[in-house]
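Chains A and B are the protein sequences, given in the same order. Using the numbering used here, the letters of the first sequence map in sequence onto residues 1 to 316. Using the numbering used here, the letters of the second sequence map in sequence onto residues 317 to 1003.
What the hints contain is simulated information worked out from the structure, not anything from laboratory work. Backbone N, C-alpha and C fix where the C-beta goes; we use that ideal spot for every residue, glycine too. Please note: incorrect hints may appear among the correct ones.
Quick list of in silico lysine-lysine cross-link-like pairs, BS3-like style, CA-CA up to 27 angstroms [as the list claims (entries may be wrong)]:
#1 K504(B) - K252(A)
#2 K365(B) - K845(B)
#3 K80(A) - K633(B)
Partial list, computed: chain B residues near chain A (C-beta under 10 angstroms) [as the list claims (entries may be wrong)]:
#4 V420
#5 Y500
#6 Q539
#7 R581
#8 H582
#9 G636
#10 G697
#11 L699
#12 I717
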Amino acid sequence: MLFHDIYKRPSRYAVPALMAVTAVWLSGCAENGVMTPLGPVAAGERSHLISFFLWMLPISLPLLIGTPWIALRYRRRGGKGKYDPNWSHSVAAETAIWGGATLTFLIVGWLTWGHVMGEDPYKPTGKDPIHVQVIGSEWKWMFIYPDKMATVNKLVLPQHTPVEFDITATGAMQSFWIPRLAGQIYAMPGMGTKMNLTTGDTTEIFGFNSQFNGAAFPLDKFEVDVVTKDQYDAFLQEPKHPWAQLEAAFKKTATWSGPELFEPPMKDYWMKVMMNPSIATDGGAAILPDNSPAQKDIDKAINQDLHLSQLNGGAQ
Amino acid sequence: MSILGSLDLNDIFIVPFLKEPTLSTGIAAGAGGIVVLGALAVALWLTVKGWWKPLWSEWLTSLDHKKIGVMYIVLAAIMLIRGVLEAVVMRAQQVSPAPGFLSVEHHAELFSTHGTIMIFFVAMPFLTGVINVVMPLQIGARDMEFPFMNAISLWLSVGGAALVMASLVVGHFETGGWTAYPPYTGIKLSPNEGVDYWIWSLALTSVGTTLSGINFAVTIYKQRAPGMDLMKMPIFAWTTLCTAILMIFAMMPLTVASLMLALDRHAGFHFFTASNGGNMMNFANMFWLFGHPEVYILILPAFGVFSHVIPTFSGKKLYGYTSLVWATIAIAVLSFTVWVHHFFTMGQTAHLNAIFGIATMTIGVPTGVKVFNWLLTMWRGKLRFSTAMLFSAGFMFTFVIGGITGVMLANPTIDFATHNSLFLVAHFHNMLIPGLLFGMFAAVNYWFPLAFGFRLDEKWGRRSFWLWMIGFYLAFMPLYAIGLMGAPRRMAFFTDPAYFPWLVVAMIGALCVLAGLTSQVIQIWVSVKNRESLMVPAGDPWDGRGLEWSLGCPVPEYDFTTVPNITSREPWVDTKAAGKHVMDPTEFVDIHLPKPTGLPILVAGVATVGAFALIFEMWLIAAVCFVAMWVLVLIRSYDTDWEETITAEELREGYEAHKRLVETTPKVSLDDEFTSKNRGLILEEAV
Ligand code: HEM
Ligand SMILES: [Cu+2]
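My request is simple: use the sequences and hints to build the entire structure.
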């Protein structure tokens, strides 16, 4: 019965159904995606995404509606359409098709230029950005606040402030990504890349590496705390462990569970790592033999992480 | 070093499981076991049936383009089964409570083999096979220009696939995805033999593909029937030509990049290392210089298929032939100008990104035009929804959705937010499943009688379509959603509960796809069983339009008794319009066809053993194989007795026999198209 009714009056059911799906989706979206941005860069990306989707509809809807409609109307048995077996060319149709497609292209192409120039990750998003140097490693992240502090797997930023990251890596290629603040950029050994963003309101989220890099890839993420300016200043004053301890341990351990805050390294440490990644890694394998001690450590770290994430209601 | 290189007992599939039985090692051992037992079962079955000999003399040694094509498709089908099973295991892994039943590495092996297999050992052999069967028949050729080389291409691809299968039994496969970016795949981070499996299986098949490309292009340039100038060629021949040119130019960067990676790994080079002057970005660059044209290699032949299936089952001329030809050429040319869109996130300047983003969007124009052309072909037609037509219509609808997300991804700022996420995974499956697999399924359902003489069962065909179609939507629409929710690709398990319902739907979708695939296996089985009632010996079972339907089914070894003179785009339609059901013969002449030979299989076999030796660092064996391979090729070069003659008289008899058959076959109406009354020669109006 219901099926028959849906068949008769699809629009009556389609709209609520679509709304329900969207609602479910958006409620799930409270997590870590670009659709729930927490800063102007990610917000820009979301608006580009929606605008492109909408701009594609005028050229796509005729196909999406036309295909099933024509399929029904011109079916051999029971179809109502006229039959014209030799109709195979029409100047009007040709003009409309090529014209419509070209027009769509011109619009999205034009928009693209604006979007890309407006959101160049290399361009600072405001005056006097905070500089943070980033080193992605197997399977942890080091953040250096030059002359002030170094942290592992913990990035603390003041709210509503432009930030510029200098990014490199030590082992495999990684991709530095905090989806709710800004899109990703690769972190590569021997290379430096940059990313600029502006933080939003205070929040606790996380960022991660999105480029598969081996045994502990699921653990390759870091905490991102956006805090008030006072909290940020206080954070920089917090007690720190000696740099030498970090330098030694960072090389050796695969995943990180130790202390997070350290004294800063010497001034040009990040640059040195970029020029010669091997100073920050012992170059161990990223895939490990089953049952090797290193693999067992990682299994343990994964289980611990799962335990933690259960405590946090899965948010991490 | 031992002659067996780095091979040791632990590399044998069952040993790690015996040492430490866990679910993960158990699954690996099980997969290896299936391969071994499967191979044994097939061997046993062939022995019991006494089929080794006919298999060898009629198939494995054949240089007939149709048989080579069929063998390509069989390879694709076997590998498709493995690829889909792997996909189901990955889906199951992600819905089971974290961290799932697979280790991170084992899951990585799965997505890497799945991707590598689907692209190189399903998609490529599938389309190469369909081209092999159909293209010569469409242009009035008797064979490929280089039949021996054609067989070499086939067996090199089989060799590559055999290596990927071997990795289940001996050692590991690569874990860095189908793209295998260094430095992850360098010797330091990936010390085991996995990456070498990837390198050498791809080396074999990409050499095969390059040779196929040359073969197809030359065949089209040189072997067209008299009168068939380029603008009279069927669209499938056009898309084949463009694909062939892409194959010739696009495979090279991949072969070179992977060999450079091999030198890095084993000869101490530094092309892609982070130090000593190496630069990994160059690998990404070269890989995608291949990779983007590759996706058009995958999709263009399917576009050709739709351009024949849709007019046939619409009972109508193709709309906009010229437009389609130019769109195809435009796509082929543009496909070389957009590769940077695969690494917008590598930190190049905004200008470069913008230019490549916009260049990518230009491809949307000819591609969009094509879909409109097919829609206008259906407009004012009389549509019959055979399995092939269903797959075509399903493609049109679904592909448009993939096109929308494709243009979105082409905008670099959107790409920053979706790259490496499941949104991207959803997008490319959204292009490849309709744009490649549906096209190939349509091709098989449509052209099957040419190769085997009987139609495929329609009931199971239609079931398979609906299962694939619904399965696709269930499996991949959720990935768009969780991709936007920040779910990265290649992730062994997710802890975010918000993803869970979506992953469950995707799992159901994957099972649905598996059911679709099973229906196709049943379809073949049922059709073979009922082949008597599905025979269409008079040919042309669907009121077809191309030259290939002027032939009886199955098509004889020599294809054409006489090569027709072509005066229009649809010579077979003209013939039928003139009330004839056999094309007028031109001149009967003696023809020469290449004799069957076991050499291609030997050459590729030796090459495969050599590649295996390279993977496990057995340098001596590898060197011996390399020399042996060229000796075999030399032997062939000095062989003068490689042709056999079919006399003009035999051809005349073939023609007369076909004519008699056609005259005695009752013509039936389209209403009976899918019934056992259809013995070929279907007509719009009942006679
Ligand atoms: C038949 C249904 C299919 C299902 C259910 C499926 C499922 C999957 C899954 C679960 C992944 C891993 C996604 C991740 O990274 O987390 C994947 C990756 C992939 N699939 Fe499929 N797939 C299917 C068909 C295909 C086809 C037909 C092709 C190509 C012709 C294909 C090509 C790929 C490629 C290239 C990858 C990427 C592998 C990598 O990350 O390197 N798949 N697929
Ligand atoms: Cu591309």
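Status of each hint after checking the structure:
For the hint pairing K504(B) with K252(A), the CA-to-CA distance comes to about 15 angstroms; that is within 27 angstroms, so the pair holds. With a CA separation close to 17 angstroms, the supplied pair K365(B) and K845(B) stays within the 27 angstroms bound. As the CA atoms of K80(A) and K633(B) are separated by approximately 19 angstroms, the hinted pair is consistent with the 27 angstroms bound. Evaluation of the V420(B) hint against chain A yields a held restraint, the C-beta minimum of about 5 angstroms falling below 10 angstroms.
The beta carbon of Y500(B) is positioned within 10 angstroms of a beta carbon in chain A (closest approach about 4 angstroms), and the interface hint is therefore held. Hint on Q539(B) is violated. Least Cβ distance to chain A is approximately 27 angstroms, over the 10 angstroms limit. Contact between R581(B) and chain A, as hinted, is not supported at the beta carbon level, the nearest pair being about 13 angstroms apart and thus beyond 10 angstroms. Nearest Cβ of chain A to the Cβ of H582(B): about 16 angstroms, over the 10 angstroms cut. The hint is violated.
With 10 angstroms as the threshold, the beta carbon of G636(B) comes within range of chain A, its nearest partner Cβ sitting at about 6 angstroms, so the hint holds. For G697(B), the interface hint holds, since its Cβ comes within 10 angstroms of a Cβ in chain A; the closest pair sits about 5 angstroms apart. Hint on L699(B) holds. Least Cβ distance to chain A is approximately 5 angstroms, under the 10 angstroms limit. Against a cut-off of 10 angstroms between C-beta atoms, the interface hint on I717(B) holds, since the closest Cβ of chain A lies about 8 angstroms away.
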